[in-house]
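Protein chains: 2
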Amino acid sequence: MARMQHSTIREILKITKRPEIISFAGGLPAPELFPLEAFRESLNQALSEDSTGCLQYDVTEGYPPLKEFLCAWLSRHGLSCKPEEMMLTNGSQQALDLIGKAFLNPNDRVLVENPTYLGAIQAFNAYEARYTSVLMDASGLLMAETEQKIRKDHPKFAYVVPTFQNPSGITMTLERRKAFIKLAQKYKLPIVEDDPYGYLRFSGDIQPSLYSVAKGRGVVYLSTFSKILSPGIRLGFVIAPPEIIRALVLAKQAADLQPNSLLQRAVYCYGKNGHLDRHIPFIIESYRQRAGTMLAAMDRYFPSSVRWIPPEGGMFIWCMLPNKISAAKLFKKALAQNVAYVTGRVFHANGGGDQTLRLNFTNSTPDQIEEGIKRLGKVFSEAL
Amino acid sequence: MARMQHSTIREILKITKRPEIISFAGGLPAPELFPLEAFRESLNQALSEDSTGCLQYDVTEGYPPLKEFLCAWLSRHGLSCKPEEMMLTNGSQQALDLIGKAFLNPNDRVLVENPTYLGAIQAFNAYEARYTSVLMDASGLLMAETEQKIRKDHPKFAYVVPTFQNPSGITMTLERRKAFIKLAQKYKLPIVEDDPYGYLRFSGDIQPSLYSVAKGRGVVYLSTFSKILSPGIRLGFVIAPPEIIRALVLAKQAADLQPNSLLQRAVYCYGKNGHLDRHIPFIIESYRQRAGTMLAAMDRYFPSSVRWIPPEGGMFIWCMLPNKISAAKLFKKALAQNVAYVTGRVFHANGGGDQTLRLNFTNSTPDQIEEGIKRLGKVFSEAL
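One line per chain: the protein sequences are E and F, in this order.
The first sequence begins at 1 in this note's numbering and counts up by one.
The second sequence begins at 385 in this note's numbering and counts up by one.
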């Protein structure tokens, strides 16, 4: 517990809830895109078709018809798994917690990307993990450094977000995925693949999941309905070999017994009625526009010494300020101009990243994006 | 993880789902009493009044209007607290997990009643707790033994279910509550008071919570909507001093970020529309009848050497078989007669209890109760 800290992002979110602020700080989906009517119908349908099931205790593993639906849905996205290889969780965050609970002992090392997802660090910190961080280039984790650090640190597992990474927006190339799986299998390093954004691609070619590349061997795959339907309903899923699922089920029984009976059935109705497939392209189209607006505004307003990697999907753009410019110091100046981002340091498991920052493009309108980036550009230009 | 075990009760529940079995094994509410239409209305109202709030990310502490409603509702039940002293959880089970995560180190001792709630043992086992168990009489924990064991074992905290305990059905008397609080304060022993059943009293006098007796000092109070509304919606709440709430909020951020946005708003609508107050008496009346039917049938069919303590509320009746009769051995014979219970051994943190068993009276109809107890009586009589 001593190692847990308040979620910096959630604290920033409190500040940036002030209506005059244009916030690129959060990781929130665009609320105006929530499929309210379709989801309301699905909830009512679930309550009509199985009222007792919606309100009663249920199995820990997850509602079987939802698992079957998801297996079929995932197979159409190139991921092949069976219901007994799946468990439902309260968003991906709970999967990270249960993985920590089931597999981490104090001082175990987790190999992570540098930068990496803050929520994963928080989840694993609760089990007193340490971190081996490996740099990325625009194609993902650097393989030579990965191998060297596996040999040196003997991490318990690797935690990676290979597609539209949070915070960097980087997507691992197919070649790099194959090399990483080969390396992981050589050193018997289990991989936890977190894929909350993979279904939100607005440009470039689809890459197979690490799970698919490895044919499921040695990879635990996490995803969630948070970004493709709603984060407020707290539903995610884990795919792993049955013996891993059994360990995670034990951990979930101890943690909170079971996933939500009602919302699992509502999401099942939502999916089987075809809403998931109809709605995702609608989200993607909006995010393509917003990312495009942000990237164009960055080209226009940011000093040329500020660098970034244009993402092909997801929710974030990662910026690197030139040497010696602290993103944390500029944050105060940005906030004075009523615009917010997240400083990159919080995403670095072992410190560093002071010149980096994360911009979210999904939770602001194109007009807000244009105006916010203009203001940020002014703040950056004045500091350089 | 090595200390976690499959939930015996949840495994038994799988067996006893066979329709021909009369099951007194589970701890499930009567599904025919679920307030389906009122809750459906509340869900739709929440979606209409705050659609974005229902589907978007939200604060970890819980939806503020629900917390305010709950504080007012609890004050009418004699429990005084403020919103900043409250956090929402995924049922009480998650509160137990978060308490373990925030406060237990390996080999810390938890003082528990003997027998105690199995889910608490499972939650604390994940943090490698050990247990100091103290016997109860019909008035609750034995005070002399409690004091002696506090002095000997120095437990980190006490975990108790003082009202309609699971599994024993025992309710701690007011005198015993006062003595226990005095003892806890003398030795600075924090108390975790788990109260899932306290609002389901069908006879006898209302007892104040330990939290109320102690005026909140040194007591963490847990309760849940599982037994008074629906367990499938996975909503419970913790009341504790603000500094404890802050620690639990950190633990919940790491565990699964936040409680369910949609269901918190639905339960808020359900409560503010008066449904909670209207519905609970309806549940109580049904459970009074079912407990009465079970107790009368036990009087009629059980051998006189089988003993039990008639509960004044809740969901369970605890039975003690005469010497040397194993409840586990009789379980197989009972199952052959298509009737099931839970053997008492699983509720004993440090072993023992082989001659005890738990009967649930809420998830069977009066006719099933009559027939099931008749069959059990035959099994018991033949074994004695």
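Each hint should be verified, as a subset may be incorrect.
[What the hints assert, rightly or not] EDC-like, lysine to aspartate or glutamate: derived pairs with alpha carbons at most 20 Å apart:
(1) E/14 with F/434
(2) F/398 with E/61
(3) F/466 with F/445
(4) F/401 with E/61
(5) F/401 with E/50
(6) F/566 with F/521
(7) E/17 with F/521
(8) F/398 with E/50
(9) F/656 with F/452
(10) E/17 with F/445
(11) E/14 with F/468
It should be emphasised that the hints constitute simulated quantities derived from the structure, not laboratory data.
Now for the hints, and whether the structure bears them out:
no.	hint	result
1	E/14 with F/434	holds (19 Å)
2	F/398 with E/61	holds (12 Å)
3	F/466 with F/445	holds (13 Å)
4	F/401 with E/61	holds (16 Å)
5	F/401 with E/50	holds (16 Å)
6	F/566 with F/521	holds (19 Å)
7	E/17 with F/521	violated (54 Å)
8	F/398 with E/50	holds (19 Å)
9	F/656 with F/452	holds (10 Å)
10	E/17 with F/445	holds (16 Å)
11	E/14 with F/468	holds (16 Å)
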